[in-house]
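**Student:** Chains A and B, in that order, give the protein sequences. For the first sequence, the UniProt record's numbering begins at 1 and goes up steadily by one. For the second sequence, the UniProt record's numbering begins at 1 and goes up steadily by one.
Keep in mind the hints are simulated off the structure, nothing from the lab. Just so you know, these numbers come straight off a predicted model, no measurement behind them. No false leads were slipped in.
Since copy identity is lost for identical chains, a pair holds within one copy or between any two.
Under the rule of at most 25 Å between Cα atoms (straight-line distance), these lysine-lysine pairs were calculated in the DSS-like manner: (1) Lys110 with Lys124; (2) Lys147 with Lys191; (3) Lys202 with Lys190; (4) Lys358 with Lys284; (5) Lys163 with Lys202; (6) Lys190 with Lys163; (7) Lys227 with Lys208; (8) Lys163 with Lys191; (9) Lys24 with Lys208.
There are 2 protein chains.
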Amino acid sequence: MSFELTNEYLDFLRDLIEAGDAQKAAAELCEHHPADIAEVLDELDEEEVLAITTHIPPELVGEVLIQLDEDVRKDILETYSGKQLAEEVVENLDSDDAADILSELDEEKKLEVLSNLEDIEQAKQIANLLTHAENTAGALMATELIKVNHNWTVLRCVSEMRKQAEEVEQVHAVYVVDDNDVLLGSLSLKKLLTTSTRTPIKEVYNDKIHSVRSTTDNEEVARIMNKYDMFVVPVVDDMGRLLGRITLDDVVDVIVEEADRDYQLASGLSDDVEVNDSIFDITKARLPWLLIGLLGGVVAASVIGQNEAELGNIPQLAFFIPLIAAMGGNVGVQSSAIVVQALAHQSVTDTAVRRLRKELSVGLVNGIICALAIYGISLVLGYGTKLALTVGLALLAVIMFASLFGTFVPLVLNKYKVDPALATGPFITTANDVLGLFIYFAIGSAIF
Amino acid sequence: MSFELTNEYLDFLRDLIEAGDAQKAAAELCEHHPADIAEVLDELDEEEVLAITTHIPPELVGEVLIQLDEDVRKDILETYSGKQLAEEVVENLDSDDAADILSELDEEKKLEVLSNLEDIEQAKQIANLLTHAENTAGALMATELIKVNHNWTVLRCVSEMRKQAEEVEQVHAVYVVDDNDVLLGSLSLKKLLTTSTRTPIKEVYNDKIHSVRSTTDNEEVARIMNKYDMFVVPVVDDMGRLLGRITLDDVVDVIVEEADRDYQLASGLSDDVEVNDSIFDITKARLPWLLIGLLGGVVAASVIGQNEAELGNIPQLAFFIPLIAAMGGNVGVQSSAIVVQALAHQSVTDTAVRRLRKELSVGLVNGIICALAIYGISLVLGYGTKLALTVGLALLAVIMFASLFGTFVPLVLNKYKVDPALATGPFITTANDVLGLFIYFAIGSAIF
Numbered sequence: 001m002s003f004e005l006t007n008e009y010l011d012f013l014r015d016l017i018e019a020g021d022a023q024k025a026a027a028e029l030c031e032h033h034p035a036d037i038a039e040v041l042d043e044l045d046e047e048e049v050l051a052i053t054t055h056i057p058p059e060l061v062g063e064v065l066i067q068l069d070e071d072v073r074k075d076i077l078e079t080y081s082g083k084q085l086a087e088e089v090v091e092n093l094d095s096d097d098a099a100d101i102l103s104e105l106d107e108e109k110k111l112e113v114l115s116n117l118e119d120i121e122q123a124k125q126i127a128n129l130l131t132h133a134e135n136t137a138g139a140l141m142a143t144e145l146i147k148v149n150h151n152w153t154v155l156r157c158v159s160e161m162r163k164q165a166e167e168v169e170q171v172h173a174v175y176v177v178d179d180n181d182v183l184l185g186s187l188s189l190k191k192l193l194t195t196s197t198r199t200p201i202k203e204v205y206n207d208k209i210h211s212v213r214s215t216t217d218n219e220e221v222a223r224i225m226n227k228y229d230m231f232v233v234p235v236v237d238d239m240g241r242l243l244g245r246i247t248l249d250d251v252v253d254v255i256v257e258e259a260d261r262d263y264q265l266a267s268g269l270s271d272d273v274e275v276n277d278s279i280f281d282i283t284k285a286r287l288p289w290l291l292i293g294l295l296g297g298v299v300a301a302s303v304i305g306q307n308e309a310e311l312g313n314i315p316q317l318a319f320f321i322p323l324i325a326a327m328g329g330n331v332g333v334q335s336s337a338i339v340v341q342a343l344a345h346q347s348v349t350d351t352a353v354r355r356l357r358k359e360l361s362v363g364l365v366n367g368i369i370c371a372l373a374i375y376g377i378s379l380v381l382g383y384g385t386k387l388a389l390t391v392g393l394a395l396l397a398v399i400m401f402a403s404l405f406g407t408f409v410p411l412v413l414n415k416y417k418v419d420p421a422l423a424t425g426p427f428i429t430t431a432n433d434v435l436g437l438f439i440y441f442a443i444g445s446a447i448f
Numbered sequence: 001m002s003f004e005l006t007n008e009y010l011d012f013l014r015d016l017i018e019a020g021d022a023q024k025a026a027a028e029l030c031e032h033h034p035a036d037i038a039e040v041l042d043e044l045d046e047e048e049v050l051a052i053t054t055h056i057p058p059e060l061v062g063e064v065l066i067q068l069d070e071d072v073r074k075d076i077l078e079t080y081s082g083k084q085l086a087e088e089v090v091e092n093l094d095s096d097d098a099a100d101i102l103s104e105l106d107e108e109k110k111l112e113v114l115s116n117l118e119d120i121e122q123a124k125q126i127a128n129l130l131t132h133a134e135n136t137a138g139a140l141m142a143t144e145l146i147k148v149n150h151n152w153t154v155l156r157c158v159s160e161m162r163k164q165a166e167e168v169e170q171v172h173a174v175y176v177v178d179d180n181d182v183l184l185g186s187l188s189l190k191k192l193l194t195t196s197t198r199t200p201i202k203e204v205y206n207d208k209i210h211s212v213r214s215t216t217d218n219e220e221v222a223r224i225m226n227k228y229d230m231f232v233v234p235v236v237d238d239m240g241r242l243l244g245r246i247t248l249d250d251v252v253d254v255i256v257e258e259a260d261r262d263y264q265l266a267s268g269l270s271d272d273v274e275v276n277d278s279i280f281d282i283t284k285a286r287l288p289w290l291l292i293g294l295l296g297g298v299v300a301a302s303v304i305g306q307n308e309a310e311l312g313n314i315p316q317l318a319f320f321i322p323l324i325a326a327m328g329g330n331v332g333v334q335s336s337a338i339v340v341q342a343l344a345h346q347s348v349t350d351t352a353v354r355r356l357r358k359e360l361s362v363g364l365v366n367g368i369i370c371a372l373a374i375y376g377i378s379l380v381l382g383y384g385t386k387l388a389l390t391v392g393l394a395l396l397a398v399i400m401f402a403s404l405f406g407t408f409v410p411l412v413l414n415k416y417k418v419d420p421a422l423a424t425g426p427f428i429t430t431a432n433d434v435l436g437l438f439i440y441f442a443i444g445s446a447i448f
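Sequences are here, hints too, so could you generate the full structure?
**Tutor:** Structure follows, in structure tokens:
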């Protein structure tokens, strides 16, 4: 059972739709996994998508919808009435996925869906989920879970589990609660399989269990689950009452999104942007950083302008302007990246002072090597001792300065609760460009 | 049950060790989860680590070892004999973790461990795991799993599961195989709980199951598990026989490592490097990219050198050298980053030609906006029409060129099976720096 999306397959579906046989296209497509169906739909245009989705059976539509790109999903959701959404889509979804879809609707339609749900318990649960703040454990969790009372026996537990399992698609863990629904621990399937049926649960459950609060940040949930190798984590309220559970597959999405965001910031993209986005969206994500770079270039121009007289006397000084600027930027980004990753993995226990001292040592080693290299190369290429000395010394100073600056900025940003990954973008490159030129011309005017 | 690593806690342990009471420090530490213990040990120095680990009970040592940083683990492993490793560490570990630890030993010690394992079946399984190539599903999988024959009844199945569960720490899935051990499908716990005990397995198992070959690449495994929201994936050989299974927690590590590597490449770090690494290791990771940047700077210097006469006539041309160089680099990295992420998520279905055409449009829009901006700013700041026109036109050309180049390079690298993330490093920045200067001076000499 494997599926590979090819252009031939897309053309085959497009031809069917064009020939007015969207039903056959849908039937063909529905042989595949909902994730595969979604992958195909993401590639088709709006008209084609709608032609196909009207023929996808209701029990499949929900699963496909939650896997789609947000903009494609939006197009489809608009074609549904609130009543249809309740009866054909939401009814077949887990509470977390249902809440995700509802959160994308306007208030009126949201209410229409909730009031049209046959199962009032389900409606209540979804409405509860919608109250949690974005990017918290509460917004990520689902309420479907299996729980047993610590006073029950293994036998009663198994029979209750059978009942509850009818409602729950996949059994991840069995939670043990007291009479007030306060989470006490978990029960392993292994224990259930290997313990006598008359044993009380309270004698066999595991009370060493990690849980998260509903207000815990998404990324903290990801960190905890990854660190402790957990497949599912229970979510509790401030009283310790069991509210829901978060599974690792949802947390993988959080991890991937976070990694993408850091990568994009480091590459000068201000927005989540994809290959398939429109030219306008891509421009919107790229232009802000370019304009910052532009301003940096203008400032750099005025720094050089202030040294015009010197440049007139020693035009060779201009030769190494790109080198000084580029190296300052490169070193700054390297230093920032190391700090940003350490912060993301929570592995910074050094004090800021120790960190900066170490960075200074690294900068010194790198700086001396690069300075000696450029000094030697410049002499060999016949740029003369004075210019070689100027470039070498300036490079050493720029590398050390950029190391410190690159380390310092993300630490400060993090302290003031700003995403430190911002520091690795064109920000630090631009600042280091300008400061590098200052240093270069200062040393140049001292030496010549 | 929550743990936070603080400097106070580290000092408290250090004081105990210094006072000769490492045993008490170990006892205190062992109250915590193995992942927490490992986190603490990663922060201590070698002597302190060894003082504590001798007091950690054998049944815990293995779990702690596999969570440690590789260099810390190496220090500890050296203090163990092969026999000790077999009896105290490997015996208590899952096959995948055991194989990971063995793969870090030299050949002689590896053999010593395997020959000292009491359970010959376990030794065979670990030896088998060690034959798989690095970064493949085979090297990532564990052999502990629960499998049932399709001819059995639910009753026999449950009783066999009870037996097998004694060997298996955590039950992730129940696999159904035929008499030749060929994987047929899986059995859900829900089905087991809700089906009559006399039903034959072949009537109730799910045959729509995704599996991976043992030779499948790690990252492909991660992509499949993430796409289909799988918690565990079975691994089969070329005949379809069930060899093992991979759980999502291990795949999360693959995803995080891959994201870190891409991020580091984009930031100009050639090696996996961490805040706590030595100055030598950090320098080793940073210096190669810096030297590439240095060479780029030298080439840029010679490009400018060739235009020395022109620069002597119009010294103002030097003002905008940093701007042209920086913008070329920024745009190139942006373009590459979008392609690299698309390749990582396998969402490139566009042909290369369509991709380049789109990138050209984005480059045109960004280029025109930036060119108009810098033209206006230059006029306002009094740099004169000719210089403003030169800078504006050069910037437009540089942005368009850098967009194309940044898109093209990762696509080509990927085609030739080189990690496309390489393109986002200082490579592309440096190349664009140099080419930007060419364009700038060419336009400058045409206009003035």
